[in-house]
Each structure stands twice: as C-alpha cells, then as structure tokens.
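Chemist: Sequence:
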Amino acid sequence: MLRRCCVVAGGVVWIEFLIGGSGSGPADHFAACRRRPQHSREQQVLAFSGAPEQSVPVTVTSGFRQQTLSGDDAATLSESPESPSGAVDSTFSSTVSVAAGQGEEEDVVLTFNDLNAGKEDMSSASGFTMAWDRAKSGQVSMVRFGAPTGATDEARAVVERQAMRMLSLPMVFPTDAVGVGAQWTVDSRVAGESAMLQTLTYTLTSVKDSTVELDVSVEQRPTVGAIPIDGGGELKVLSSRTASAGHLRLDLSQALPPAGNVEFTTRVIHGQDDSPTRVTQDSSTALTFGNP
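In the working numbering, the protein residues as written are 1 to 292.
In case anyone wonders, no lab produced these hints; they're calculated from the structure. Note that beta-carbon positions come from the ideal geometry of N, C-alpha and C, so glycine has one too. Any given hint could turn out to be false.
Said to hold, decoys possible - Computed Cβ-Cβ distance ranges for the label pairs, DEER-style:
id : residue 1 : residue 2 : range
1  : Asn291    : Asp230    : 40 to 50 Å
2  : Arg221    : Gln272    : 11 to 21 Å
3  : Ser70     : Ala47     : 48 to 58 Å
Produce the entire structure from the sequences given, and follow the hints as far as they go.
Modeler: Here is the structure:
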C-alpha cells in the first residue's frame with residue numbers, strides 16, 4: 001500500500017509515503033530470515049537503539065548502459081557483469097546529519113547539506129530532509145521528504161532520487177538471536193531505469209558492544225518477464241545476473257553506517273526465441289558511507 005500527499009509547513013514541502021506490503025511503494029522491505037550455520041555460540045538479538053546526533057559523508061553513484069548485440073558478440077556475451085563496478089553517469093555527495101526519536105518506532109530525520117552533483121546547481125536544495133518511521137529491527141514503515149520551498153524542481157528531484165537510492169539499501173535485522181556467521185535476507189522492490197525485485201544477503205562477521213560488521217551481497221531481477229517493442233511483439237527477459245561487493249560497519253546507537261561501501265551492477269539480457277539478437281541493460285549503483 002502506498003499513499004502520497006504534500007503538505008507545506010514551516011517553509012518546507014513535505015511529501016509522505018506510507019510503505020505497506022503490496023510491493024507498490026518506492027521501497028517495500030520484507031525481512032526474510034533464512035539463517036545458515038553460525039560460527040559463534042554467542043548469539044544476541046540485533047536492534048537499533050535511540051540514535052544520537054550523527055553526521056556522515058555519503059556518496060551515491062549510478063550508471064546505465066544499453067547495447068544491442070548480434071552475431072559473435074551476442075554468442076560470446078557473458079550473462080554476468082564483469083565487475084560490481086559499472087558505468088558512472090552521475091555522482092552525488094552530501095554531508096548527512098541525523099537525528100532520531102525514541103520509542104518502539106523511531107522518527108529518523110536525515111538532513112542533506114554540502115550538496116554536490118557535478119555541474120548541477122544544488123544550493124537551493126540545501127537542507128532537504130528525509131524522515132522515516134523505523135522499528136528497532138530497522139524495518140521502515142513510512143518515508144517523508146521535505147524540500148525547502150525555494151528549491152528548484154531540478155535540485156529537489158536530484159536529492160530525492162539519491163535519497164531513495166539510500167533507502168533502497170534497507171538494513172533490517174531478523175527478530176531471532178544471531179551470532180557471527182549468521183546470514184539473512186531482506187527482499188524489497190526498488191525503482192530505477194526499470195522496477196526491480198531485490199534481495200540483499202547480510203552476513204554477520206563481527207559484533208563488539210554496539211558495533212556490528214556485515215558483509216553485503218545484492219541480487220536483482222526485473223519485475224516483468226518481457227518488454228514491448230515498436231511494431232508489436234516483445235523482448236523476453238532471458239537472464240538477470242548481479243555482481244556485487246559490500247561491507248558495512250554499523251553502530252546500533254546510530255541511524256546510518258559510520259563507514260562502509262556497497263556496489264553492484266545488474267545485467268539484464270533481453271531477446272526473442274527466433275532471433276540471435278540480444279539487448280543488454282547494465283544498471284550500476286554504489287553507496288559509500290564515511291570517507292573512502
């Protein structure tokens with residue numbers, strides 16, 4: 001279920017999303033705990049606590065490439081991307097300051113300053129906010145955007161798009177106690193050049209006090225099995241593969257990872273049964289928290 005409304009208050013335009021389980025929202029998250037053998041007998045329930053003020057540099061890069069191949073090029077095409085690092089069409093960086101409430105559901109508020117998006121003039125969007133209601137497990141139920149009333153449409157759209165890329169990396173813990181070596185998955189639907197179903201696999205590599213270290217892998221697949229083409233007919237999705245690499249260091253008392261990087265490239269290959277021609281689409285994303 002998704003609801004969207006706009007409210008102008010205190011010089012800020014608020015856009016509100018309610019995330020439900022229908023898969024229709026901008027990023028619907030479902031934590032599916034599929035635990036695997038754990039190396040540690042010491043187990044605990046991981047949960048975020050009330051976050052103090054926090055300031056973290058965040059960089060988001062994204063890219064998209066499409067090509068049509070035939071003959072030997074199509075025949076030798078690899079179904080998997082060569083590397084998690086793919087094309088970079090845009091780079092967005094900012095200093096994100098965080099404040100969070102207390103209680104069973106935390107109202108986490110992120111404010112974006114020091115905006116840099118290359119040649120784009122982002123000054124009017126400084127102070128853009130993204131707030132979400134988050135359970136102790138990390139499950140997000142509602143997202144609200146707040147753009148300064150003087151923000152240009154272009155600057156607001158850039159920050160909102162990159163904020164949603166951050167939200168597409170949901171850090172959700174299982175409700176069961178886990179130890180080092182545990183793995184669990186978080187399934188979601190994310191937007192981009194085309195809507196994708198995404199599975200994040202987290203592996204717990206270390207726990208010390210409130211510091212949690214996680215390895216992260218990503219797998220994406222299209223939400224539809226074919227796309228229409230001009231003149232009638234359609235191109236089927238023949239394969240979808242993701243190359244990914246990632247590691248995050250979390251502080252359970254803070255809302256965002258103080259350090260870490262996750263990057264992935266998804267290659268979707270389209271074609272027809274009676275044609276050797278193939279259309280490939282490579283979509284790449286990288287998120288870096290803290291200074292590289």
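Chemist: Work down the list of hints and note, for each, if the structure agrees.
Modeler: Do the hints match the structure? See the list:
Take Asn291 and Asp230: their Cβ atoms lie about 47 Å apart, and the range 40 to 50 Å holds. A hinted range of 11 to 21 Å holds for the C-beta pair Arg221 and Gln272, which are about 19 Å apart. Taking the beta carbon of each, Ser70 and Ala47 are about 53 Å apart, inside 48 to 58 Å as hinted.
Checked against the numbered hints given earlier, this structure breaks none of them.
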